[in-house]
Amino acid sequence: MSRELSQGLVPIGGATAEIASDGRLTILPDARDGGLARRLRQPHALAKRLFGTPSDAAITLVCAALLAWAAVPLLRWTILDATFTGTTRNDCTGTGACWVFIRARFGQFMYGFYPAGERWRVDLAGVILLVASGLIAWPGLPRRRLAALLALVVLPPLGTWLLYGGLGLRIVETREWGGLMLTAFLSIYAAIIAVPLGILLALGRASRLPVIRLISTVFIEFWRGVPIIAVIFLASLLLPLILPNGAGIDRLARAVIGLGLCIAAYMAEAVRGGLQAIPPGQAEAASALGLGYWRTTGLIVLPQALRISLPALTNEFIALVKNTSLVLIVSIFDLLGIAQAALADPAWVGKTWEAYAFAGFIYWLACFGLSRWSRRIELKAARISH
Amino acid sequence: MTLAATLRDRKVRDVLAQAAVAIGLLALLVYFVRNASENMLKAGIASGFDFLWRQAGIDVQFQLTGYTSASSNLGLLWAGIVNTLLISAVSIAAATALGFAIGVARLSRNPLLSGIAGAYVEFARNIPLLFFVLIWYFGVVASLPAPRASIGLFGIAFLNNRGLTIPLPNEAAPFGHALLALAAGIALQLAVVAWARRRQERTGKAFPVWRSGLLLVLGIPALAFIHAALATAWDVPALRGFNYRGGFVLVPEFVALFAALTTYTAAFIAEIVRAGILAVPKGQIEAAKAVGLSPSQTLRLVTIPQALRVMVPPMTSQYLNVVKNSSFGAAIAYPDVVSLFMGSALNNTGQAIEIIAITLALYLAISLAVSAFMNWYNARIALVTR
Amino acid sequence: MPSIRLPLAAAALALAATSAGAQQLAPSPTLDAIKARGHLECGVHLGLPGFSFANDRGEWSGIDVDYCRALAAAILGDATKVKFTPTSVQQRWPVLQSGQVDLLSRNTTITFSRNATLGVNFQGINFYEGQTFVVRKGTATVPKDLDGASVCVAAGSTEEKNAADWAKENGIKISIINFQKNDDAIAAYDSGRCDAYTAGIGALAGQRIKLKDPDNNIVMTETISNDPQGPTTRWGDERYQLVVRWVLNGMIAAEALGVTSKNVDEMKAKSQNAEVRRLLGVEGGFGAMMGLSNDWMYNAIKQVGNYGESYERTVGMGSPLKLARGKNELWTKGGLLFTPPFQ
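Residue numbers (the working numbering), protein chains in the order written: chain A, 1 to 386; chain B, 387 to 772; chain C, 773 to 1115.
Each hint should be verified, as a subset may be incorrect.
Among the chain C residues that face chain A by a calculated CB cut under 8 angstroms, a handful are [as the list claims (entries may be wrong)]:
(1) Gly819
(2) Asp828
(3) Gly830
(4) Thr857
(5) Thr859
(6) Gln863
(7) Ser870
(8) Gln872
(9) Gly943
(10) Ile944
(11) Asp955
(12) Ile981
(13) Lys982
(14) Leu983
(15) Lys984
(16) Gly1053
Dumping the calculated SDA-like pairs for lysine to any residue here, alpha-carbon to alpha-carbon at most 25 angstroms [as the list claims (entries may be wrong)]:
(17) B/Lys428 - C/Thr889
(18) C/Lys916 - B/Arg626
(19) C/Lys909 - B/Lys428
(20) C/Lys1034 - C/Trp938
Derived by calculation from the structure, the hints in this document are not laboratory data. Beta carbons: idealized from backbone N, C-alpha and C, even for Gly.
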């Protein structure tokens, strides 16, 4: 039983929580709890909460001390004592961070070794991605579902063409890719494999056909049971061996396939949570109207299930973004990998913290942003259902 | 029945569809295996499992199994398994404790405390674990002194950038006895608890089980351990040449991986704990107060059992994640299964397929064992809470 | 019997006719693939200054890189037609075995068990390496001083095994900490985790400059092993192996014969030395025997240089590594580099 409840939608009390494969759990905020902002608007209540009893006061003081102990040096290092301008490490005279390093290597952090003259293609792909996802997320868009489907069919090949080249564009091989663009590419294309496959697997696991159910379950449990580090090794070492011309498969493509297969298993569990939330009566009614399995599923069950599991799927996507950092063990230079490579440059030896802080901040920004977005959808869904 | 009618029959169609999928999958599998064996034959790569009994020939600094460089690759695998299980077990315990503390802090009335806890959770779970591992490792090692400037703890244990060196008893037998005493104490205490519960159900009289617990689980075993410690001679580490000799070294890789897994996982556990506690309806606590239970009794008898029921499933997946995530140790030379077997052994023997298969099977076995145990536990507490 | 001989003879005739009198060549899928794709795929080290190192624009340089460029010049006539795949210690064998690269030229030690069980062949020696240690100044001077020391090493390397063997043999106790990548091991040594980092003496010369304070660290001069290194190919495809082997021999022979990138045109036009003439394709038709153009070595030397030029530029006195030739000197000058004659 516990495996069934360990991921996806879990009822807690009257509310619901989502649990992603990495354990990220999202709880609907209690409507009565106004959040920090409202509390701050009521100074009396705030003072009472902070210093109401001696033990409250003690906790407050300890927390304040902790905050000062951690935050002050951090602030000094990152901003107050840091060096922002210059071109070489000799310009970094302060005791704080040497952000000059990041500035000097900024192009690499973003594009890896992508040729400077061709970087506009990466920028363009990024802009297209942002505009398209913004449009699709905008509720006012006419025929939104069709547009989303169209985007899913058209954009991935378009993106690959822009980044890789061919058909009039200069070919930029994947070994020249790196940095943030590589992290984004890995995450998005692995998700493009994982989401449809995950949906199929979730349907398979809920199927009434025992063989299909067994195959789906074994597939899902296999990938969920092994560490992603091993999956990446597996993809990079075994794929070339088990295919007749495996060596012909691009290195990056192998990582995308490995991550995609593995994340599909987690996505499947997220979708299954949504499937289980649909009352069986709906499918029965559709069936009574004479709809077959695929039409019942495609028109009635899946759209609802996917809407319910969207936040859970987003959480899986966040887990995926974080896991892409592991590709550096097979010498693919993603954001963290390029940061490490930059550290090996004798001209910038010892700037470990700057590199990690910068790369970590970008990851944090992306993952935090996504989690906020998923929470907003969830809140909206909760408001509709009440 | 005509053939067409037979084909329209749902049962027949189901069987045919399943057979088609099964055969297709089997064919794909056979295709992969044949390609692999052909490719390997062509490339002249040795295959088979003989390498397991061949000498590994490398040294491993941190091992608990008596492995030496003269041991076989199988011995290397075993050393790796023990290290993986060790780091997983201690990290799970510590992460649970820290996670509980953060989760409870997040629910505190004190806005400063809950704010810090919330900020920590949002910080930690939006950054890849690999950052935690690298930052802890380079942070821990960089901040500790060199052996010559070690921090001495009572002159018997020494902390430096080579790890924490602690004295080791020359004989293990007295400690074995003390461990037996501990096991016996726990067993006795469990019996007392069961008896006390039965008596309370029968007569309504409560028995102060914690007193017997103090004596049986802490008191007597503690005496046995003190006796063992005094009765044996100790191998006290001493600085000779480069490092401390003698005793047992807890290497920085272990400490860093432990700290990284703990601080990362705690953020996720904190949210699970928060969800669990929020899931207990307020009415229950008010009712407990009304029937005269003290706050500690309320917590112990009402809140925790109900919260646990919600928490166990997501905690299971979290614990499994810790086991899988312990493979991140490969990035900082912690000698776990992935690092020793998929790293060193794979490279020395070149037998990628065999080694990857063994490693994956191992993780699957561990995953299945943990989830079986948690299923059992879940079923138990579900019964108890009725 | 005649019934068999006849078609065979006919086939041979037809082949001879189509190849316009050229000698019949054994099939070489690798050479065909390289020519068809228009570039050589070379597996190199992730980043080892002097051997194979990419600068911040992604341009590769180093003695192992130079060899691949020479090979590309010999096969394709253009030293720039080579693409480099950086490989970690772990990845190198699968990457080579599965055909993702045409060869490894990455500071890899030639050993029996690798040759016997990994399905790889070593095609000669382009660098005689010897393992030693880098330590912080004043802590040790010779390897035997390291009793009790913690030593950082890359997992799965020959260094990992050498160090264990050497310590056992000499009754010395060292703690070995195995990292997945050389750079990780160096970073750990630099942060104080280890007393020493072990690798080849040439590799260490390059890696020392990656340390925070290179001047405070010394590379020991006494070595604990012999690690000959050179280009590595898969089993099979003898004709391709022939090319890999003889391009290396050709670079060494060129140095011995005094042919450099600067005087190669003059030598080709004027030299009366028969071996030089054969090497540069003026006579003998050696290139054609392998299915290459006859100026295969001319291209390699013209575009990359002879072994000595490459050595000086990448690891020798003309480089930051400043390694003396030592064992990597020609056999005529007291070194170990030797090449069979071009006859």
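Exercise for review: Please write out, lowest number first, the hints stated earlier that are contradicted by the structure.
Suggested key: 9, 10, 16, 19 and 20
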